[in-house]
Every structure is written in C-alpha cells, then in structure tokens.
Amino acid sequence: MSTLPRANQRPELSAFDDGTLAEALRKMHLIRKFEEAAEDCYMRGLIHGTMHLSIGQEASAVGSAIPLAKSDYVLSTHRGHGHCIAKGASPDRMFAEFFGKETGYCNGRGGSMHIADVEGGNLGANGIVGGGLPIAVGVGMSIKAQKLDRVCMVYFGDGANNEGAFHESLNMASIWKLPVVFVCENNNYGMSTSVARSTAVANIADRALAYSMPGDTIDGNDLPLVAATARIAVERARRGEGPSLIECKTYRIRGHSKSDRNLYRTKEEIEAWKAKCPIRRLEGELLNHDRLGSARLAEIEADAAREIAAAIEFAKSSAEPDLAGLTRYVYAE
Amino acid sequence: MSTLPRANQRPELSAFDDGTLAEALRKMHLIRKFEEAAEDCYMRGLIHGTMHLSIGQEASAVGSAIPLAKSDYVLSTHRGHGHCIAKGASPDRMFAEFFGKETGYCNGRGGSMHIADVEGGNLGANGIVGGGLPIAVGVGMSIKAQKLDRVCMVYFGDGANNEGAFHESLNMASIWKLPVVFVCENNNYGMSTSVARSTAVANIADRALAYSMPGDTIDGNDLPLVAATARIAVERARRGEGPSLIECKTYRIRGHSKSDRNLYRTKEEIEAWKAKCPIRRLEGELLNHDRLGSARLAEIEADAAREIAAAIEFAKSSAEPDLAGLTRYVYAE
Amino acid sequence: MPNDVAGADPAAREITYAEAIREALATAMADDPRVILMGEDVGVYGGAFGVSGDLVHRFGVERVIDTPISELGIAGAAVGAAITGMRPVLEIQFSDFITLAMEQIVNQAAKIHFMFGGKANVPMVVRLPGGSGTGAAAQHSQSLEAWFAHVPGLKVVQPSTPHDAKGLLLSAIDDPNPVLIFEHKLLYKTRGIVPTEAFRVPIGKAAVRREGGDATIVATGVMVSRALAAAERLAAEGISTEVIDLRSLRPIDLETIAASVRKTSRLMVVYEGVKTMGIGAEISAMIAESDAFDYLDAPIVRLGAADVPLPYSPKLERAAVPQEEDIFRAAASLVRTGGA
Amino acid sequence: MPNDVAGADPAAREITYAEAIREALATAMADDPRVILMGEDVGVYGGAFGVSGDLVHRFGVERVIDTPISELGIAGAAVGAAITGMRPVLEIQFSDFITLAMEQIVNQAAKIHFMFGGKANVPMVVRLPGGSGTGAAAQHSQSLEAWFAHVPGLKVVQPSTPHDAKGLLLSAIDDPNPVLIFEHKLLYKTRGIVPTEAFRVPIGKAAVRREGGDATIVATGVMVSRALAAAERLAAEGISTEVIDLRSLRPIDLETIAASVRKTSRLMVVYEGVKTMGIGAEISAMIAESDAFDYLDAPIVRLGAADVPLPYSPKLERAAVPQEEDIFRAAASLVRTGGA
Ligand SMILES: Cc1ncc(C[n+]2csc(CCOP(=O)(O)OP(=O)(O)O)c2C)c(N)n1
Ligand SMILES: Cc1ncc(C[n+]2csc(CCOP(=O)(O)OP(=O)(O)O)c2C)c(N)n1
Ligand SMILES: [Mg+2]
Ligand SMILES: [Mg+2]
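Protein chains in written order, with my numbering: chain A, 1 to 333; chain B, 1 to 333; chain C, 1 to 340; chain D, 1 to 340.
Derived CB-CB ranges, DEER-like:
no. : chain 1 : residue 1 : chain 2 : residue 2 : range
1   : A       : 239       : B       : 43        : 49 to 55 Å
2   : D       : 318       : C       : 333       : 45 to 51 Å
3   : B       : 43        : D       : 61        : 32 to 38 Å
4   : C       : 85        : A       : 239       : 52 to 58 Å
5   : C       : 176       : A       : 267       : 44 to 50 Å
6   : C       : 204       : D       : 251       : 29 to 35 Å
7   : D       : 318       : A       : 258       : 54 to 60 Å
Calculated directly from the structure, the hints in this document are not laboratory data. Ideal placement from N, C-alpha and C gives every residue a C-beta, glycine not left out.
All chains should be modelled from the sequences, with the hints used to inform the complete structure.
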C-alpha cells in the first residue's frame, strides 16, 4: 500500500494504491450483486428463511476490512453478507449456505444469520443484536494472551448500541487495552426505530468517551475515508494501545427484512440515499482522479457478475444435508 | 426549608433549615446504630444470612433523600439499610425482617437484601447488582403515564455501573425524559475490584454524557452538598425535564460482607476514610456555624440509640412465620 | 370443539390468531388506561409479526411504546411500571431474546410479590413469539417455555387457537401476577372463530379438543393442530385418541390429563421444545406419581424436538421437531404395541 | 464407596470440596497455558467462596482475571476466548446471576459448534455456585441447573463430593464443548478423599453410592449426602435403598438408573431445584418411557423444592427444600405403601 499523497487527491484516497482500490471495488460489487441475487432467489422461493440486506452499506464493510490481514478476526451481524465477503469468503460457499446445502460454509446449518468463515477469520454473523460484542472482548483477550499479532474487528448496528452488551464490552475492552476495533454501522434505524428515537446521544461514537477510547463518526459511504479511519484504529490495536470505536454513517436501501413495509421512513429519504451509492461514488472518484480507468472499472463489475452467477450454479448443484446427519455437530468430539 | 444564605455559611449548608438538618442527622445516627447493632446481632448468631453494611456512607443515603416526599419512590441496593431508613422506614420492622419475623417489612421472606417499604415509597433493596436500574425506568414511565407529581430515585454502586442494565436504563430514562434520579454511591470498590480496575472512565458521572443528561461527581460524605445536588436533580425531574446522574464519592468502612478479609485495600486507606466520617463531619460543621448546638446534637444521638434498642426488642419478641404459610405470597390473588 | 364457547355466540366470527391478540389488546387498552403495550417495533412498524398492527394509531405513542433494543431494560421497565400501578404488556420480539431478560423476569418479576411479603404485585404480561418452521435458524426458533414452568411466581400459557389467544391474553392482563404468553409464529396467520366481546379463558385449565378412548395425546401450541390432524388419520385406522390442548404450562391442569389417562390408559405428550427437560417430562412425571399411574397400560411416550439446535436447512428443521406424521406413527405404535 | 477410585490411591488425602476445585484449576493451569480463570473477585479476594484462593499469586493476574460486574459480557468473553484457542474457566459468583448471561450461554456457546457446521469449538467451563441453606434469600439460593439440561450443545454436571469436584472439573476443562458445573455453597467446606494426581471423572456417568434392593434413590448435589444419611436410617428400619449420585444432568446416565430400577422396582428422585420441571421430571419421564417402566411396582416419587422462591426466614428456607428427614419419610412410605 502506497501512502504517498498524489496531486489533487485527498489524503484518504491517495493513501491506497490502485490494487487495493480495485480489490475494494471488486468486493463492493460482489456484495451488491451477491445480495441482489440472493434477494432474487428468495423472491423465487429458492432461498427460505429470512435475510437482511446491506445494499447501500458496502463501503463500510469493505473499507473497514482493508487494513485487516487474513489472520485477523471479524465478528459480524445479522446484516453480515458484506463483512463476510469483505473478509474474503467466497460467494459460492455462501450461496450454498443460503440454499441450505452441505457445501455451505456452515454445512447448511447456519444460513444467512449465522454464516461464518472461521478459516478466513470471520467468526460468524449473529442473530442476536449485539451478540458479537462480548465475544469480541474474548477474542481480544485470546489474542493478547497468546501474544498474536492480530486484531479483532466487531461490527454492530446503531440499534445494537443500546444493548447492555455494548456497554459491558466497550468497558472491558478499554480497561484491558484489548486489540479490538468496534465498528458501528449506523444506518439510522434499528428495524423501524430511528437513532433519534432510540439513542440518547447525537452520535454513537460520542459514547466512546464513556470508555476512554477514541471515537470517530464518519461518512460510512466514503470508502477511502472508512479505510483510512479503520487503518488508524487497527494500527493502534496492533500496537497494543487498545480499542477504538468507529461510527460509519450509512443507510440501508432495502427494508429491514422481507416483512418491512417501510412505514417509518419516506420514499424521498430512501431515494436521496440511493443517490449516495457508495459504489458509484467510489467509481466516480476514481475516474475523476485518473485511478484505474473506466475500462478497468467495467471489467471489475463484469467479473463480479460472472462470479456471482457461477456461485449460484455451484449452490444449486450441491447436495442437501442427509437426514441421518440431523444431530451432527451438536457436540464436538 | 429556608433557602436564604446565612452569614459565613456555604450555600449548601444555609440552604437547609435546622429542622431538616436535625432530621438528617437523626437518620444518619439511626442508620449507623442500626447497622452496628445488626452487625452485633449477626456476630452473636441472632441474625443469619448475609448483610452489607453502609457504615461510612450515611450522608449519601440521607442527603439524597432530603428532597424526596413520602410519595416519591426509591429503589435500593444490597447495601440498602441507609436508603430504607432515609426514606422513612422504622427500625423495628426492619429488625423484625432481619430476624426473619412475621412482623418484618417483608414478613420475614426477604431479609436484608430484599427489604422493602412499599407504603413508604421504598420499592425494595435488590440482591442483583444493577437490578433496580431498569425497574426505575418503569417507575418513571408509570409516574409519567399517570401524571403523578412524583420522582423515582434509584441507587446503585460503582460496581453496578459496568452492568449492561446501567446503560440500557440511563438511555431509556433520557430518551423518554423520565423523572428518575440515578444516584451512584461510589465507594471505590465493587466487592474487591476498585473503580480503576473495573471502569474505563475516571468519574462514573462522566458517563452521563453518553446519555445527554446532567452528571455530577460530588463528595458523598458531605451531607449538605449531597442534599443540594439531589434537590436540583429532583426538581429537574419534577419539572419533567428528565433524569440526572449523581455520583457520590464515599467509602464503606466495613468489608463488603462478612467473608471479606480486606485483602484488596490497606489499613491506612480504611483509617483515612474513618476520619472522614460523614456524621462527625456534619456535627462539626453544625457546631462551627452555630446550627443546632451541642446539647441538641447529643440528644439526637441518644434518641437514636434508644430507638434502636427498642427496635431490637420488638424484633426479638415478634413471632416467626408459620410453616403452614410456606407457599403464601407466591402468587397474588 | 369441546371447551370452545365460540360456537354459541352469534357475534363470533373468523379471524386470525394475530388479529385475536390485537383485538384483546385493543379491548384491554380501551377498558383500562393502565394497560400499555411496549416492545421493539410495536409502534408504526406494527410489530415484527404484525400483531400490534394499527394499535399505535388508535392509542397513541404514549401507550404503544417503541423501545430501544434493550431486552433486559424493557423487561425491568415493565416490572417497574407494574409495581406502581400500570398493566404493561411487553412484547419480546422473538422469544429467544428472553435470554437477555431472564434476570428481570426470574429474579424480579417472579419473586417481588413473595420477597416483599405480599406488599407489591407485578401484574405484567410478556408476549413471546416462539417456535420453529420459518427457516430462522437456531437463535430465532426456540421453544423455551419449559424453563418458565420451573419458576414459582410466574404463570405460563401457550394458546393454540385464535380463540384462546384472545381469551388467555385478557385473563393474563387481568391477572395480578406476571404471565408469560408463548405465541407461535406459525399460528399468527391461522384462522378460527372468536367472539367479538371480551371473554376470558381461565389460566390453568386444559381443553379437551377431541374425545377418544384408546390413548390420550397432550399437545401444546402448534402441536395441537398437528395432533388433531394425526387423530383424524388414526380414527380412519380405527384408533380413537383423545387430544388435550395443555394451554397452561404453569400451573398445569393435572386433573384434566389424569382423568383422560384413567379413561384411555395410554399417554403421549407432544411439544415443540427439546424433548429432554421439556414440558413432556413434567407431565409424564406428574402422571407417574399420581394415582393415574395405576391405569397406565403402556409406558408414557414423549414426542419433543430432537436434541439439536434448530437447523437452518429446511429439511433438517422439519426433521428436528414433531410433525403430523411423527405423531400419527408414535400414537399408532403406542396403541398397537405399547410404544415399543 | 463404589465408583470412587480414591480408596486405591496411596497419594489421596482428605481435602475440602473448595480445595479440590482449586487443585483441579491449579493442575489444569500448570499443564496448559490456554487455561485461564475469570470472574468477579476471583483474584486477590480469592473468590466469593474462597474457591480460587491463592491462584492469582501462583498464576498471575493475566491468567486469574478479575472482571467488572458484567455477567453477560464476561460470559461472551469466555465464548470469544474459547473459539480462538483458549480454555477459559468462568466463575459466575452465584449461579443465580447466570440469568444475566443466558444469551451468551444458550444462544452462542451452546450453538456455535452446530451453527457453524462444526467449524469452531467452544471449550469453555462455567462454574456456578448454587443452592440454598445459607440464608441468602430468593436471588442468591436458586438451583437452576434443570434449565441447562434442556439445552442441546451444553453439558451439565453437579459434583457432590470433593473427589468428583476435582475429577469432573478436569474433564470439563478437557472437553471441547461448553460445560456448566453446578457447585454447591454448602459443600465447599465438606471434606473427602481426593487423589493428588490429575484424574478425570467422566461426564455422563452416574455413581452408585450405596447398593440396596428395596428402592432406588437418585439424588443430585447436596442431596446425595442427605440421601445417604437417610439410607442409613432406613437400613436401621430394615429398608434397603440404592443411592445413585446423578453427577451429570446432561447427558443423563439412564442406563445406571434403569439398571437399578430393574433391580429395586421403586424409584425416587431427590433434588434441590423446584420440583415442578426440575431434573426429577426428566428422570421420571425417561424411566416411564423406558423398558424399566415394566419393573416399577409403585409410582415414581419426586422430592424437590416447594413451589416457592427461597424464603429468607431460616425456618421457611429449611422447609422449602428436601431435608434428610423428608427423604427418609418419603422413601419409607414409597417402600411400605407405594408412596401414597
Ligand atoms: C437481542 C435481539 N433483539 C432484537 C432482535 C430483532 N432484530 C433483529 S435486527 C434488529 C434491528 C437491529 O438494528 P441495528 O443494530 O441498527 O442493525 P441494522 O438492522 O440496522 O443493520 C432487530 C430489532 C434481535 N435479533 N436480537
Ligand atoms: C448481578 C450480580 N453480580 C454480582 C453480584 C455479587 N455482588 C454483590 S454486591 C457486589 C459488589 C457491588 O459493588 P457496588 O455496585 O460498587 O456496590 P457496593 O457493594 O460497593 O455498595 C457483588 C459483586 C450480585 N449480587 N449481582
Ligand atoms: Mg441500524
Ligand atoms: Mg462499590
């Protein structure tokens, strides 16, 4: 990663080389297309259950993961497809999981809400709002006890910031100076309840003060800014200086889940945020500053589309779990 | 209550008339003597179970209750004898409860950790650290819904401030502007763990920022200061302007409970705090400023001693619950 | 259907289980200003399963209260409101999340009346959508009701029909004690006859849903309709089963079950929770220590969920909990061979 | 004492239950750097019941970790440490406070291995001091172990002797799954023979503590010694009882119990938890659906706590849970009159 500022570029953009940005863009496209395809499969009855789409939030997932190595850990949420892909999971085994197949990341046992890629450092989505926060503390303790050169990044939503788990976790991470980065994806709603109605503070990152840790509230749709902010927090954690809280302000374009009739927000609001698409925004900035170029951008998007199509085929053609395996994986041997 | 400042008196002292201060001193003595007697009874095997003494913390319990009316509510803690007496409970029925008698406030079912005086507005001690905090939110909702001219004061320790319940409760009280006053009695230890080791912020009241409510850190052994600070918070709550957080810095002279060997603190520290006795301190200040006078002070203390002695007799001579009543009070009719 | 008063009421009509709950809430709120509904997204969203629907528009945001996502806190808030004169109804969005609020439910709500020597009541209701069958996987599909049947001070009900959903909720709101209602996600859209007027189904009374002589099937929640469907098929094969809808898990109506067992001499309990330590264990044990024991001609059979977290895979999920076919087979085997 | 290996070991000596636990912790920590102990006041205070004692001085504050009072958080921290290579042992100061951590224990620890298709293990141990008898009243005296026997993915043990306290804890630390250990406050100071070396008591095996022919008494935790004392008195009256220490509540050793019932034809289960939905229900139901059912000559008897929160009054507290006298009387009645 080059960190030389280039002419006319803001430092956050020039801090990342072409390869990094191309890879980030590729992952954002993969996430978007993964979710659009998953939604489509869901509508057509190919995927059942429930799922929470992060369309519009791709920059926060991808940007925050840029400073992470494969050996670093993430803990994700119910809205976690982006985190999963950003951390390096492949869409084929993700789709297989969504289709409930044995080849899925969780052998069809977990589905969207529990998808994990343990080998890739993703310790799992979570069906419990705030459920990953205390786990991240333990991961941080473990890294420290084993003297590993790793960090743990844990994602959570604005809604989760009012769970007791948030408080207990940030406090412990701080007193023990754990290598944990807390990333709040503030899409302004916990299901139907806006931050203003649920949260007694203007910016969630202001709560960092209550834990004596750095807190940053940033534009979560600005990929280079997210990446640069995350890099500072990750480096701080790696140096053993303790945790940080980053609040990425963003927006989910889709409803909370399929039952959502969007009664709590206006069409205008949704449209206004659609215009702030983090993918188109990064593409625009790259073009404006002569990074990558339009042919490369088109190629990246097309590649992503092909990968998703192939992943769905993989998932469709995979086998379902055997009934005989019903009670497998309940206990480890 | 007169609020005219008197010559040479700091405003916190002159804010309270002689009657108020005499009553406060009486209650502090009652608490101290109640606990010393309870400890003695415990040592002599007359009281069983466990108990948590607040010796040294009387000013925070009594001072904070000064602005409360009988119809106001308090929610107390495992270290709650002071709150109970401050809110108006009588030592006879308290002792009867400690002795496990039918005449006790809880008919012998609750004991020290669950003592409640519902009629007097004390909604109960709590065996669960932080257990009263969410309940206070509901009491606040109830007051608001019924448009009552009441407030709810909820006590908790420094240790409790790291429970998730603290976070959830202060957040809700703030967003709904509830008439709740949160009083943290910071005696610097949650059992053996000091605030510095448990809490990621210097002053617990600094956490008020995370809930957009006023937060005050005060000397909790200074009765007039506690009372004046509480009055501001109570009045704010009564005006419908929402909750406040008050942190009273104080110290428990006794061990956490009977099993405490004080391994986590020094004798010197304990001795230094004994010298800061809130009762002697108030008496000194009253004498220095010609309030009440030494004869009155002696009389107050002697009266308290007599009341405690009589209370123990009442408790001793009361009847134990009937075995036939074992499953009484499990369900309300 | 025995025990169902609806048939006689000209003003009864068919509505869904979710509508019946909403109707009960609306009735209670209209009748009693102390009743409030609180929970996550119960307001303008109308509840995650649409149960509260338009109530916020009818009763306002002061009485239909969207809370932050703070399960422990809101459970405690319900306790505090209840002990100071309100009648809160709390919705826990999925019953699985009660795991975050056990402290307030079990240590506070259940015990305050007792610990205070009767000086305070805790008249609160907790509505808990539970159960599997929606592909929501291990953290959104549990049936944890058995835990609460172990806790003195609580009452626990599990309505299986729209009629009982309304009648039990109204009883729960009247009750001066904390009452937990385990609703079932798969039942919300099922329809049934429900009187328009306010009526109560007593807490603590089971309902005989079908009479029969060869075996007694006690079923709970969503298992009741599966048991009735299985009973229909069993009848076609000449096996006559009595189907009892347990309805109340604390207290349990032992008398109704024991009377049936004395008649049929065979007992099977069907429930959705994990078989081990599920409600079937208690019913089996109650019968095994009662005088109905002497009437048993075969071992008591429990049909509960497999010993596994609920799987996401629809195929595995279905296999994990009793289905109509499983009930049919188990009951047939119980009657024909004594369950072996 | 059958099943007790200690008798043969020259290096065994008498120590307390608390010391045995501490010894197991020290052994495990000395052997395996991944083992850490965490909890409230486990460090310099030595644990609320003195169990961890001087361990912090022997292993340092990095491995004997005083936590803030944050039960949900510390349970989650144990989960996170366990899935990334550590072997955390978590002390919950009183088992009652597990109500604050149910989410992490039940939704995360118990289910992660399954939900992830076996890709992660959760080798954590939770130590839970429980039980009544200390005058600590309703929120500090519960016996909630039955709840966890209902949760697939967990293992649950309840040692009744110093020997088993050590042997089961070492097995639990070895186990790649989350194991909950319900210790008993009244047992901490009881003494028994314990080998000095590291040994394991297998999880899932009950122990026959006394052989007899007239009735089987299955007891758990502190009830084991009461049952043995009652058995002694029963023997003096010519009644021969077999006493089984359940030891493991998940999984339950049905085979040992069933074999005994086939021999004695009478079964009584004694436990400290609330009778209704307590562990006795499961054992009764297991036997009632097993072929041992045919050997029963009398209804199965359960002796558990009364349906009441634990009272503070010492008189009421004693009356609320089974005492030796209750066991004696119930067993005598079971043998003489079939339990009626
Ligand atoms: C403990 C818990 N409470 C409630 C829910 C139901 N639920 C799932 S997601 C959600 C909203 C979460 O909001 P936020 O944290 O902002 O994340 P977002 O959905 O906006 O990404 C709710 C209420 C849950 N899964 N877990
Ligand atoms: C939820 C819970 N965790 C732990 C305990 C055990 N315990 C009782 S008091 C106490 C210390 C509480 O400290 P603090 O809140 O500062 O109050 P203090 O005792 O100092 O008055 C602890 C750990 C408890 N009763 N409840
Ligand atoms: Mg959100
Ligand atoms: Mg303290």
